[in-house]
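Heads up: the protein sequence lines correspond to chains L and Z, in order. When we follow this note's numbering, the leftmost residue of the first sequence carries the number -16, and every step to the right adds one. When we follow this note's numbering, the leftmost residue of the second sequence carries the number 40, and every step to the right adds one.
What the hints contain is simulated information worked out from the structure, not anything from laboratory work. From a predicted model like this one, the values you see are computed outputs, not experimental measurements. All residues carry an ideal CB built from backbone N, CA and C; glycine is no exception. Possibly wrong hints are sitting among the right ones.
[Said to hold, decoys possible] Pairs of lysine to aspartate or glutamate residues, derived as DMTMM-like cross-links and limited to a Cα-Cα distance of at most 20 angstroms, are as follows: (1) Z:K113 x Z:E391; (2) Z:K224 x Z:D252; (3) L:K277 x Z:E363; (4) L:K277 x Z:D361; (5) Z:K224 x L:D164; (6) L:K390 x L:E378; (7) L:K277 x Z:D460; (8) L:K277 x Z:D109; (9) Z:K310 x L:D164; (10) Z:K310 x Z:E226; (11) Z:K118 x Z:D396; (12) L:K277 x Z:E325; (13) Z:K356 x L:D261; (14) Z:K310 x Z:D460; (15) L:K277 x Z:E357; (16) L:K390 x L:E364; (17) Z:K221 x Z:D207; (18) L:K277 x Z:E354; (19) L:K484 x L:D424; (20) L:K277 x Z:E322; (21) L:K484 x L:E499; (22) Z:K113 x L:E378; (23) Z:K221 x Z:E304; (24) L:K304 x Z:E354; (25) Z:K113 x L:E439; (26) Z:K310 x Z:E325; (27) L:K277 x Z:E226.
[As the list claims (entries may be wrong)] From the derived model, a few chain L residues whose C-beta atoms are all more than 12 angstroms from chain Z: (28) D34; (29) R74; (30) P93; (31) P100; (32) E230; (33) D237; (34) N292; (35) A293; (36) T380; (37) T421; (38) G506.
Residues per chain, in single letters:
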Amino acid sequence: MNGRARILTLCLALSLVAALTACSGGGDGDDPVTLRVLASPDLTVLEPLLDELKEATGVDLDMDYRATAEREIPQAPDYDLAWLSDDRYLRLSGGNDAGRPLRTPTMTSPVVVGLKPDVARRLRAGVPGGRLSWADIADAAATGTVRFGMADPRHTGSGLAALVGVATAAAGTGGVLRAQDVSCDRLRGFRSGQTLTAATAPDLLDAYVRRQDGADAVDALITYESDLLALNASGRLTGDLEIVRPEDGMVLSDFPLLLLDSGHRAAYDRVTEWIRRDSVQQEIMRRTLRRPVKPAVPRSAELRAPVGNALYFPGSLSVLKQLLADYGDPNRRVTHQVVFLLDFSGSMRGDRMAQLRAAFAGLSGGDSSATGKFTRFHRGERLTVVRFGRGVLEERTVTVRGPGDLKVLADTVARGGYGDATAVWSALDHGYRTAARTAADDPDRAVSLVLMTDGENNAGLTFEEFADRYEALPHRARAVHTYAVHFGEADAGELRRAAKKTGGRVVDADQSSLSEAFKEIRGCR
Amino acid sequence: MSVDRTAQEEPRLTVLRPTRGRLLRTLAFALPVPLIGLVLLMVSGNLLLPLHRVVTIEAKMASKRDFFQDPEVKRLLMKHGFRVHITNMGSREIAVQDIEGYDVVFPSGQPAADLITRRRARANRPALTYRPFVSPIVLATYRDYAEALRNTEVDGGRVAVPQPGSGDRPLYYTLDMERFLKLAKGEGDLGGQRSQGSGEGRQARAGGYRWDDIDPGHRHVRNGNKILAQTPDICEANSAGTYLGLVAFVEYGNDAPDTVEKAEELARNIKPLLVEQGLPSSERAETYLSVDGKSLAPISVIYEHQFLAHQIQYEAKEGRTDDERVLLYPSTRFVTEPQLVALSPDGARLGELIRDDPELQHRAMELGFRGRDAQSDATSDQLAEFLTERRIPVPVTSADDTRAVLPRLSLLERMVQIVGDCPPVQGPG
C-alpha cells in the first residue's frame, strides 16, 4: 500500500471516530513537484533514469547542464538542487559560515590515467617494478612520449581533481598541498604534454575519439575511471585505453546531490532515498560505470579493482586558486625560457664544476627521483646558458625538441675555459638584456633568470650600477624574476637583494647540492 | 520490562500534526467513501496498529541519527506515539545554527550540548537534557594498517598492541597515543619492521612519517601518505573536537590546559597535526565502512557504537565478524556522552522515554551503545553479554589506560576555532 492510500485510510479512521483535530501524512512532500537542478554535464548519462525517478517519487528533475556548474552557483536563476561531479571547490569558496547545503553522495569515481597499451608498456619498462606514478606521466609528457587530454581544470571536477592529484604528487610531501608547495609551479613538464582539452568531461571524450589516431594523435586521457570504462565500452575507439592508477594516489569524486532551497527538503529526501536504494544504485552503476555508494550493492568486475590511495585534498581556496592560475588556460600553449647565468671563474674548477655538470645531466632526464621527473627540462622549453667570468665567455640557446638539444647544452656546460674574475652583476645585466629581447620578440614566452655564483663580485658593474640599469629596463623585462643559487663564497646578502628587487628568491646550494638547488627553483617565475 | 505484545495492538486514536489545508481537501474527498476507507484500513492493518496520538518530533542530530533511523527504534517510538523527523548535521554546526522550531537537538557530545543549553539559559529559556547512553571515541582502521603499527616501534615501544586475550586476528588494539602522535610529527626513533629489513632505524622525518617509512618493505601497506587519523570538519563535528581534546591532553603531558593563554598556545602547536588531512569529508563512519574505505582513509576517528553496530550487523548476515576492519583504542581514552536537548514539552517526553524505556535502552545496546552505567569505562555488562552471545569479541580496557579530560568548554571552543579557523558560536538561543 502506498503512502497516499495510507494517509487516506488513516484520515478515514479518524473521521469515523470523530475525534479529529488534524491529519497529515508527510506534508506537501508527497505532491508531484518539479525541481530545477543545476547539473554538471557529467550527469547527462543519468538522463534516462529521471523518468523512473519521477514515477517513483513524484519529483521531476528539470536538469540544466552547465559547463561551469562545479565552480559557481548562479545567484539569479532559481535552482532548487545542484547535482555535480564534485563540490569541493564550491565548499571551499562558500566559506565556513552557517547554512552549508545538505549533500548526499550518489556514486563515486577516481581520476585515473588511460593510456594506449603500447605507451603503457613502454612507460612501465622504464620504471622498476612497473608501477607508474604521476611523476612518470610528467616525465613522459616532458619528453613528448605521452601526449594527453584532460578537461579544463578551471571548470570541471575531473580536471581539478586531476590537477590536485598531479600537483600533490609533484610536491611529494605525503601530505596536503600547501601554499608553499604551489609557490613554484612544478607542472610545466607535465603541462607540455597536454595537447587536448575540453570544457566538459563528455566533450573531452568526444574530442579524444576524433584525435585517437593520426599525426597529432593523443596517447592518453586523464579523467574519471568511469569515463575511460565508458569509452572502452562505446565501440568508438580503435583500441582500448588501459587504466593506470598512479602509484602515488588519486582524488575521488562522489557526485553529490545538494539541496540549495531548503524549502524543498521533503522532495529532496524522497529523491535521495530513491537514489540510494540498492536496486537504483545497481542501475546507476550499470549506466554510469561509477562505483555505488552502498556497500551492499555487488560491483561489476571492472569496478572491483582497488581504487588507489586517496591523496589529501587542499582545505584552502587560495591554494586551489594559485594552482589553477599557474596552470592557466589549457587551450593556450605556454612556452618558457630559462636563462642560466653560470659562474665559470677559476674557483669553480674541480668538484664544483662536477656538481654543475651533474645538475644539468639531472635536469636533462638523468634524475630518476620523483622531483627530478617533475622538474626536468621539457619539450618546447627554450634554454639559454651563459658562461661568465670577467665577462661573458659563451652564450648558447636551444629550444628542446629532443635529446640532441640537451646534448648541446651539456657540451656547453662541459667546456672548460675559465675566467680570471667574477663579474656577477655584469652577467645579470647581460641576462636582462637577453630577457628584454625575448620579451619584445616573443611576448607570450615566460622568462626567468637563474644566477649561479660561487664568489663575490670582483669585476664589472657594482650591484648599485646593476640596480640602476635594471630600473631603466622596459616594464616587461623588469617583470622577469631572478633566482639566485648561492654556492661557496658567494655574497648571500647581495644575492638576496637582487632576488628581492626582481621578485625572485635565493636558494642555498651549500645546504644540499647544486642539483637540489636547481630543482628547487625550477618552475619558479 | 516485560512487554505484553497483545496489549500494544489495541486500536487507539491516531492524531497527526501539524495541520495543513491540503489535508482537509483530502478528507473532504475521503468522506463520501467511508466504507471503502474502512475496508482499506482493515486490509492495511492500520486498525491493528496502536492508534494513539502520534507527534512528529523535529530533530537535528549528527551521528546519533544511527539510533533514530534504526527500524526497530522507529517502531518502538511509534508505539509510544513518536515519529522523529531528522535534519542531519554536525554537532557543533547544530550549536552554531538556529534551532528555533525544533523539538529536540541531539549533539553527539557534551561540548555542543553545553553551548546550546548555556545559550538557552542566557535567553531565559532553559532546556532539559537527557543522556541516554555513551560511547568511547575510537580510531577505526583496517587490519593491514593496524599490523603495520603493531610492527613499528617508536622510541623502543610498539605503537599498537592487540588487546589482551585476542587471538591471531585481533579485532581490537590499544594505540599508544604518545607514540602515534610522534609518528605524525615525524619524531622519535623508528624501529620494528623498518629496521629488520635494512638494518637501520630512522631518527626523524620533517613534516611527519609516512606509511611507507614504517613499512618500507610493503609487508602490510603501500601508501606514500603521511600517517594521521582523519576526522570530519572540526567546525562541525563533535568527534573532531573530541579528538582535538584527546591530542591536546596527550601533548600537554596528560593534562588539560586551564588558562586561555595556555589553551591558545597549545592549539597553535597541535594545529599542524590536525589540519594535514586537508579538506575533511563529512561522513567518517560511512567512508570507513564503504567498500573503498581502506583506500580513502587508513584511519578514521569515529565512535565505538558505529563500529560495533557494523560488526553486529555483519555477524548477523555473514555468521562471522568483519575482521578486516579493526579498532584502535587510544591509550588515552575518552567516553563521549551524547545529550538530547529538549526544546519543547514533546521533546522532553521523548528524552525521558529514550533514557528510561527498557526496550529502547536494550535496542540502543544492540546498536552498539554502552549504557549509562558504563561511564566507568568498562564495557557495560549487558553489551559484553550481548556481544559474547554473538561470538563477537568484547573490547576490554586496560588498567594502564588514562582517562582524558577535555579542557573546559570555553577553552575547548577557543581551541577548535584556532585549529579549524572556525567562526565563533554566537547568536541568541
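List of violated hint numbers, smallest to largest:
7, 17, 19, 21, 22, 24, 25, 26, 27, 29, 30, 32, 33, 34, 35
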